[in-house]
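Novice: Using the sequences plus the hints, can you model the full thing?
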Amino acid sequence: MPDRTIYMDNAASTRLDERVLEAMKPYYFDSYAVATSEFGHSMGIEAKETLEAARAKLAEALKASPEEVLLTSGDTESSNLALKGVTNALAGKKGKHIVVSKIEDFPVLNSAKALERLGYKATYLGVDKEGFLDLAELERSITKETVLVSIQHANQEIGTVQDIEAIGRICHDRGALFHTDATHTLTRIPLDMGRMAVDLATITAHTIHGPKGIGALYVRKGTPLMKWMDGGFQEFNLRAGLENIPGAMGFAKAIELVTEEENERLRAIRDSLIDSLLKQVPRTTLNGSRTRRIPQNANITFHRVEGESITLHLDMRGIEVSTGSACFSRSLEASHVIMGIGGDHERAHGSIRYSLGRFNDISEVPEVVKAMTDIIGKLRSISPLKD
Amino acid sequence: MKFPYGEKVLEHFKNPQNVGKIEDADGKAIVGSPACGDMVAVYLKIDPNENRIVDAKFESYGCASNIATGSIITELAKGKTIEEAKKISWQQASEALGGLPKIKAHCSVLAVEGLREAITNYEEKHGLIKEREPTTAEVVKRRLKNVMNPLTGLDIVRGNLIKEVKVEEGVVKISVDLPESHIFASNIKEEVNERIETLWDVKKVEISFNPA
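So the protein sequences, as listed, match chains A and B. If you count the first sequence from 1, position 362 lands on 608 in our numbering, and the numbers rise without skipping. If you count the second sequence from 1, position 165 lands on 228 in our numbering, and the numbers rise without skipping.
Since the hints were derived computationally from the structure, they do not count as laboratory data. For clarity, every value in this text was computed on a predicted model and none was experimentally measured.
No farther apart than 25 Å at their CA atoms in a straight line, the calculated lysine-lysine pairs in the DSS-like style are these:
id: 1; chain 1: A; residue 1: K624; chain 2: B; residue 2: K120
id: 2; chain 1: B; residue 1: K77; chain 2: A; residue 2: K632
id: 3; chain 1: B; residue 1: K267; chain 2: B; residue 2: K252
id: 4; chain 1: A; residue 1: K303; chain 2: A; residue 2: K271
Specialist: Next comes the structure, spelled out in structure tokens:
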């Protein structure tokens, strides 16, 4: 039994920071009322003020105004609201075409597929071997029928950071709205809604040591959006449902706690992992870009080995990661991201994602590298695939 | 700690039995492909006097279930005659491992197929099979019994997921009773393809699903 856990699956979800919990506690035990109108009871008025204070902090992090930040239950809801809300609001007023990339995460990808079933046409743009979009191809794909373009800020598996400034400009030049999924970049890569031509952006708390079940959608002033969660008049009458005030406070605190120093530290761990693994384990390939990648992601294929076998061996040593192997996924399909960057099944099956967070330390790197060397050696020794 | 498999599977995964290659094997087979994610090689040493398996080894490029099944299937095969060994089913392998998750049935089936193919290879080399069997709808259905529905852990023939099989001049048409948007549609398609396109007289495989 391993005496410590090395958790490197932070892109899936993170451990809550105690300071975030402390910031949330009063709103469970002392000030737990629903946010009311200004004519409500005093606890309700206080709740409303708390909510707006949290919203102001989120807005500040995005360099946006508070009225442009809608609180949701997380990134899945935010992206659903962006794609379905915008297309519905413009139904009959504009064309029925949307553009997304092939390597988007499932909330965007499957919302696009859902829209296709409703009669929309979707273009799924390919990416190059490091995961970058071809901007000329993007430009050509936007027609006067195009309602919305949704391109992620950074990729969930391989960490490639898209040039969303340039993408936004192209969309606006061509008359389309632009949504970006910033789930894996919030606080890690600068986001500036004042400067960037972004109309909608998905963010979430649980990937930065905040609570699960809270996220937000940035909606630029004047962007058409149809409400699809009906009920009360919350969130500027665009998203009904009891406001998650402790969650909002936790989210604001989680954002506040990320520092540039921390990002530097994560970059150092990331680079040490990538360098050591590529050097010490034979027949490996880095997935994604060496330079334009988020600080907290490393993704490497160990050729001729199957990922679920690797993750199980790692798990028995107390190391938690994830893989793009078909055997690991719920649908038994190989990672669409690795396939999207021109990889074959073999490359997807042997891909391992190490995603870092605040509680990782550079001292963990040698242990992970040692474990990988042992495990890959063992699995290759029983494989019928030789050089 | 909580692992996705039972103790017996984990034991065979951590310390697989009979791993390796038999250089002068009497029967051998490699099934699966890197494209499909799992591959198993099975090597047999067979005593020709009573067609009894005296040694069995395997190699695996695959997930934990695949490795554990390779280990158990070679254990089960040793000492059996080829006729007895042919009858070892994936259910028996799974039971001997204390059960495998349903979604992993397809990985364990591969090792069972590997054993059967290695026996066929021996039979062919020793003149025990006179003629190659032409592919008919029946042959196709028999092979499809090795394709598992990951939702139920049942094969797609007994699970009534095969609506129709047609074989015409080397073209096999298979219609599957699942919507094309089904979560496992592309997995099942790959698995079916893998089983049928390798048949000696098959030129093309066409697999259709119900429209969404």
